[in-house]
Amino acid sequence: MEDQSKELAGLHGVLIVHKDYDQVAQLSLFLKEQGFYCHYVKSGLEAIKKFETEEGIKTLIIQENNLPLNAYKTIDYIKTELNKNPYSIVLQESEGTEVIASQKLVPVDQFYLLGDNINILLDNINKQEKSVLKSAKSCCYSVEYLKEISDNSLEFIEESLQLFSASVAKDIGDLYLKVKTKDYEEIRKIAHKIKPSFAMVENFKGVELCDEITYKAKDDDFKKLIEELYSEFVQIQNALKQDYPNLNL
Amino acid sequence: MKKILVIEDNAMVIKSLQFKLTKDGYNVIIAPDGREAMKLLQDGEYDLILTDLNLPFVTGNELIAYVKENLPTVPIIVLSTSTQESIIMDAFNMGVEDFITKPFSPNELSLRVRRLLS
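These protein sequence lines map, in sequence, to chains A and B. Residues 1 to 249 (my numbering) make up the first sequence, in order. Residues 1001 to 1118 (my numbering) make up the second sequence, in order.
Heads up, a few of these hints could be off.
[Stated by the list, open to error] If we take Cβ atoms under 7 Å as the criterion, some of the chain B residues that face chain A in the derived model are:
#	residue
1	K1003
2	D1009
3	N1010
4	A1011
5	M1012
6	V1013
7	K1015
8	S1016
9	F1019
10	N1054
11	T1081
12	K1102
13	P1103
14	P1106
[Said to hold, decoys possible] List of simulated lysine-lysine pairs, DSS-like, C-alpha gap at most 27 Å:
#	chain 1	residue 1	chain 2	residue 2
15	B	K1023	A	K224
16	A	K32	A	K19
17	A	K170	A	K241
18	B	K1102	A	K178
19	A	K189	B	K1039
20	B	K1102	B	K1039
21	A	K147	B	K1023
22	B	K1102	A	K147
23	B	K1102	A	K205
24	A	K170	A	K218
25	A	K241	A	K73
26	A	K189	B	K1068
27	B	K1002	A	K216
28	A	K205	A	K241
29	B	K1102	A	K223
30	A	K147	B	K1039
31	A	K127	A	K224
Hint data in this document are derived by calculation from the structure and do not stem from the laboratory. By construction, the Cβ of each residue, glycine as well, lies at the ideal position given by its N, Cα and C atoms.
Please model the entire structure based on the sequences and the hints provided.
What follows is the structure, encoded as structure tokens:
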């Protein structure tokens, strides 16, 4: 894990926001040791200024009840007004506040109670970074085929992507159910049915997995292959959500 | 207007076939499974059938057999993701007129459909 973190050094800035530096000094030191570039400010207002003027801050760790702007108002401002999307971690002062926050639909990525296992925090920051890098490196789908069929009709493309999202999610759900009931013949049929959907968005890993499930897999392999197929689907789904934010995916 | 029955269970493939064939000027009727297709075949008349082989309830092969026996003048194009020679040969041996792999090339689809309906 330490090696992975250092790979990211130089890329990943972390902004810690807390009225009392002593409370977060240990956290800051730990993250620096892991190779992150740490900034510190006292308030949400200063955090906003920092995001306005500095690039490269990818993670925001902010005290929940910071004044005059609390963590939620600060995150909301940064995401909606500044149009920046840092991985946002709220430093809770007591457990349970995440329930209230989630009910208010505040876009928080993680809650962390000071003193909890710091490796969980680090692990999530790393995962987030890797998934951003991964999606930047490789595009997991293409709409070229849909363009070709429809002579570039945006309406057709968007409707097809919505169909992809809904129908493949349902079919993969069915695959998981059939694994539970060990209905292997049905699993092969469903994978065969899904295959053209992956082909039409030009995700060839998904096509290969469908072929493997349909024609080659032994009974013990199904679960692992279906998990791989699901993970491929989630990647496409995440990319689509970014590229087509207006669609109901 | 020529009437085409499309028998297919993948929603994205249905949408693309419907879009392309409608644009080419055909009246397209959809059956999402073999049972629905059998009902439609018994109740209506079609100029061409495009069918998948792996269908719920009634298989593509059963459908082909039904059409060849009861509606022998209606041509059939099989749509399949499979490129396995044995599957293609079986379909031709049952009397289908043509075979297209999914996802289909839009121009190829237009040409093959036009050839059978001309």
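What are the numbers of the hints the structure violates, in ascending order? As far as the earlier hints go, 1, 15, 27 and 30 are violated by this structure, in ascending order.
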